[in-house]
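Just so you know, the sequences run in chain order A and B.
Anchor point for the first sequence: position 176 equals 176 in the numbering used here, and the numbering is continuous, going up by one each time.
Heads up, the numbering used here is the position in the second sequence plus 249, with the first residue counted as 1.
No lab work stands behind these hints: they were computed from the structure.
Take these hints with a grain of salt, some might be off.
[What the hints assert, rightly or not] Partial list, derived from the structure: chain B residues whose beta carbon lies under 10 angstroms from chain A:
#1 R278
#2 F455
#3 A473
#4 R482
As the structure is a prediction and not an experimental result, all values here were calculated from the model.
Glycine residues also receive a C-beta, built at the ideal position from the N, C-alpha and C atoms.
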Amino acid sequence: MSDIVLETRHLVRRFGAFLATNDVSLKVERGARHALIGPNGAGKTTLINLLTGVLPPSEGQVFLEGEDITSMASFRRVKRGLTRTFQINQLFNEFTPLETVALAIAEREGVGHNLWRSIAGYGKVVDEAAALLARFGLASVMGERTVILPYGKQRLLEIALAFASKPRVLLLDEPAAGVPEDERHEVLQIVSDLPADVTVLLIEHDMDLVFSFANRISVLVAGAVFVEGTVAEISTDPRVKAVYLGENA
Amino acid sequence: MSVLPQETTVSANSSTAAAETRAAKLMKRRSRIRFYEIIVWIAAIAAYFVLPSKMLILTEIAILALFAVSLDLVLGFAGIVSLGHTAFFGLGAYVAGLLALHFIAEPVTGLIVAGIVSGLLGLLTSFLILRGSDLTRLMTTLGIGLMMAEIANQMAWLTGGADGLSGFSPGPILGMFEFDLFGKTGYLYCVGVLFIGTMIMRRIAFSPFGLSLKAIKGNPMRSAMVAVPARKRIVTAYTVAAIFAGMAGALLTQTTSFVSPDVLAFHRSADVLLVLVIGGTGYLYGGIFGAILFTLVKDWLSVITPQYWMFYIGLLLVILVMIGRERLSRWVEYLPERFSKKEDR
Ligand SMILES: Nc1ncnc2c1ncn2[C@@H]1O[C@H](COP(=O)(O)OP(=O)(O)OP(=O)(O)O)[C@@H](O)[C@H]1O
Ligand SMILES: [Mg+2]
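Sequences and hints are given; from them, build the entire structure.
Quick look at the structure:
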């Protein structure tokens, strides 16, 4: 019955003597809206880096749809449907949003290696890029250089870019951070509207957003999975409260 | 949330359609021929009629320009620094010389064979530059350049060693156009090859492949996250660049009827980098503008201070780098953007 899409086994990552990821064994079901929460420095971003191949793990393994991808290059993982957004925007400063998204779509469609045809000649790619940008409210700035866009727009592009790869597993590292208050729910709504078989792992500090979005929550503390459960379980767990209150105190 | 009122859906559709139209226009505009491009090629032809006594230096510029445009493909697009690009230039020069000396004097054949052989060397050595930082790449490419120079020196039975290769003269181009004493045919030949080479690399620049190269340079981590296979792309770009560098070397051989070991000298790799620093990187024509300025300045300096011109070239380099690479690679943006005046926003 349970169909595990993404799994880690005894994942460990050290920075020198420091344990940023401590024996994390995680299972994410297909179609899950899974939230990953935890105080600052808990190792949430590090875990995403290990899942996407940005960092190699010190120990342990990562499986995507049952296949061991621990030592697979990042771009291959993306080709297999695993992609992410970054907590700190990682964009192409000199590109326009249109070029940025068109690149991702061209690569997804397997035409990125073509060195003889102009991108303008790929009508479907350009149309899809335009439609995606329109959906994220970026149509009016599609021809500007990314670096001059306001931060909120860049943030939306960061998320739109991950969508352009049409991931089957999408990892979102604090996507709402920096998005203007009134657009936050819209962004998470777009994420919620993803097809039911797309799996989403969301890192988010805003508990209201987490509780309204997720159907499963893992709490990470000091690199290790502290507790995992349903929204109802986590929202009433006194230990989780203690972790957050302890942090705020 | 999914059940939207009718009007909203309609307006969403029409705004998507508007976005698509605009996107198509913007994408077409990217690759449109710019004003300065037309000027460059008109000037190249005009020079043939206006400056008949300057054919030799103009030929030198055209060859250096092709060499620099090829380097821009790896430096300005993929962001790969190289201090050994002359390995391909020199190999092409020797291949063209040996071919003319022993087998076939027709220049276009020599040009193509030189391009293929240099491209093969590019393909083989590209695997050495895949790993590491800018510094390790500088060292690796420098090493490859030095090794090629030493190999040419050691294989004197084939390359003529320190004496170089001579005693051949190119036949008529495609069996039709004889080289003349004043270098007029040679100039047109070199400009023709430069034009075709630049147009080919220009097409590459505006393709999905060219865009992915710029993505690798702009943000390697993100480019991996949109599924760009960086290593494959770099291997291809480096190979294509090597082909055109080899052709530039072949042009030098064919227009001078001589191959000196100097074609593999380190200063050529440094010169061609300086050309790109002067002309700007990432838009191909920087190689052409840079080659013109570099050659003219070098020529002028070597007349007024024959002993010290290297000093001034060095000084120029320092000043240019102090001004900043960012500003340099964008000076061309201040030129008129388009040839046509039609506004299409
Ligand atoms: N490249 C690195 N080198 C050394 N230490 C690192 C590195 N990356 C992360 N760390 C450390 O690992 C710990 C976990 O960092 P990480 O960014 O994963 O936390 P996080 O849970 O994402 O925090 P936040 O909520 O602030 O984003 C931190 O103490 C951080 O300083
Ligand atoms: Mg983080």
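Now for the hints, and whether the structure bears them out:
1. This hint holds: R278(B) has a C-beta 8 angstroms from the nearest C-beta of chain A, less than the 10 angstroms allowed.
2. Below 10 angstroms, beta-carbon pairs count as interface contacts, and F455(B) has one with chain A at about 5 angstroms; its hint therefore holds.
3. Because the closest C-beta pair between A473(B) and chain A is about 4 angstroms apart, less than 10 angstroms, the hint holds.
4. A hinted interface residue such as R482(B) counts as satisfied when its beta carbon comes closer than 10 angstroms to some beta carbon of chain A; here the least separation is about 7 angstroms, so the hint holds.
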